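Turn these sequences into a full structure, and let the hints steer you where they fit.
Below are the chains, spelled out letter by letter.
Number of protein chains: 2
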Amino acid sequence: MNASYQEIGEVFAKHDSFVLISHVRPDGDAIGSQLALGLALEAAGKKVRLINEDGLPDNLVFLPESHRIELPPAEPLDVEVAIALDTANKPRLGDNALNAASKAKLWVNIDHHKSNPCYGDLNHIDSSSPATGQILYKLITTLGLPLPDASRDAIYVAVSTDTGSFQYPSTTEETYLMAADLIRRGLDVGRINSLTYDHNPYRRVELMRALLNTLELTGDGRVAHWDLTMEVRDHLGLKPEDSEGLIDIIRGIDGVIVALFFEELPDGKIRVSMRSKDARVDACNVCMQFGGGGHALAAGIRMTGPLSAAKERVLEAVKLALP
Amino acid sequence: MNASYQEIGEVFAKHDSFVLISHVRPDGDAIGSQLALGLALEAAGKKVRLINEDGLPDNLVFLPESHRIELPPAEPLDVEVAIALDTANKPRLGDNALNAASKAKLWVNIDHHKSNPCYGDLNHIDSSSPATGQILYKLITTLGLPLPDASRDAIYVAVSTDTGSFQYPSTTEETYLMAADLIRRGLDVGRINSLTYDHNPYRRVELMRALLNTLELTGDGRVAHWDLTMEVRDHLGLKPEDSEGLIDIIRGIDGVIVALFFEELPDGKIRVSMRSKDARVDACNVCMQFGGGGHALAAGIRMTGPLSAAKERVLEAVKLALP
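From first to last, the protein sequence lines stand for chains A and B.
Per our numbering, numbering of the first sequence is gapless, rising by one per residue and ending at 328.
Per our numbering, numbering of the second sequence is gapless, rising by one per residue and ending at 328.
To be clear, the hints were calculated from the coordinates, so they are not data collected in a lab.
In this text, all values refer to a predicted model and were calculated from it rather than measured experimentally.
The list makes no distinction among identical chains, and a pair is therefore deemed to hold if it is satisfied within one copy or across any two copies.
Using 16 Å as the maximum straight-line C-alpha spacing, the simulated EDC-like pairs for lysine to aspartate or glutamate come out as follows:
hint, residue 1, residue 2
1, K316, E269
2, K324, D287
3, K282, D193
4, K244, D259
5, K282, D203
6, K282, D253
7, K52, E85
Here's what the structure looks like:
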């Protein structure tokens, strides 16, 4: 049962100290959501800490006030309320972040992942929203909270990165009206997009070349997959965020229904990113077979290796799910 | 001196037959603009022909009513008015298309290229608009012309493809409001974007790999360039539209100010596509030194080869233009 914006607003009004957390290996919607709501609450006079298990990734340093994102402190924070943002399940907040928030007496859970099991005391899960950032825009403007410039920019980046730049089916009339309103509020759209998309480290382009060299099409051209070994990762000196979004290259191949990205992780596990282009193939359902989750058209798994075995098992499940 | 929408509307009202033409090697804004205005005029009861020197490219076949785009007939058409859309200068309409329109007694020229020399009898050049499609949206809605579904979809694709999916600095509040309005008018945003961006032929991904293998950085990492020979073009069986937009991959490298794509063409000429990420480097000015043109941040040249000589000359001019 979703809490209304007003009920969430009452929690904001009644308390003074908040810790905002997003998921491990944070993306634009995760960090953007933390900055958007955190700085709005701060502008409303609240004490706010912004914690992420993995800290701030290099590719989001350009966001105004991004230095506010902290690694979890060793000791639990003295805060009244913890707010989980854009995080499909509680473990994905990370052990250290959970420890940092362990003194909170109330949990608020705001998200757009349909698999979210509502682990908060108050939950607002809107899987029709293309990004948690768009939910927060509505929350902030509906409640009449301040919207500092840094929150404004963070909301735009959250939504832009989670919609493939206003392209995915989840994008609505409201999404475009929001973007127009953010420009009216002073957003420099060319600058923010340039910072978001035009400052890829050269090693990301090298990674693209390396991935293209492993590309395979199977299932009569309906499944495209490529992979990244630890060896290539080390050789190129990659950072976790370098591969973000690259899967769209193979997702975009004509005839491909499911695109898959297999990555060896430093801990020996295999991360699988899955994209579906066809409503008949629910990527979230396939990933849940291996303990993963996400959205119908974009989901993921973190599973045991080795790479070759993970590929075999997942590709088999994908082929069974093909229409 | 720009004609007002009303003056253009009077030309529409006073005449019955129109030929609409866009530039050679048409892109989404060219074909989209022809369909957008052409089908609106037809819905208003006019006789309309849509001509392009190179016909309809494969990657835009998905546009509703795209079969209406014709190659130029051998004999001049019996039409009263010719409308040039999205075409920076008259020769870029193509010899055969110009011949087809040669009986027109009035030329209307609607475009967003700042280098457009106003070659029409009526001209409406708005270089502040991110796409000719957005000018036509304003024209059609201001004049109260019908907006058939096919026009609606064509406008969206024209603007989306010419703004890098609502990212370039030319994107305005008005652009997003327009997109919202098109959704309100029934646009299926997920479907149209999927058709626009997710149906790349496999050979385009092979081309991407081939281009990445020629990538070079010069000018202290501020200039990135890659090239395509006729040999690779033949080997992969490429079509002209396959390379569209790929330059954004190298434009997006951190530190790069100017990105260049050099292509050998079947006629022995070299096509140069140039992108600038810095307002201090005017790509249009650099390209005009070689007889090219375009916009400040996106311009092009068609020049004599061989490839190596063209690269040398253009790279030299680019380095002189660096801040």
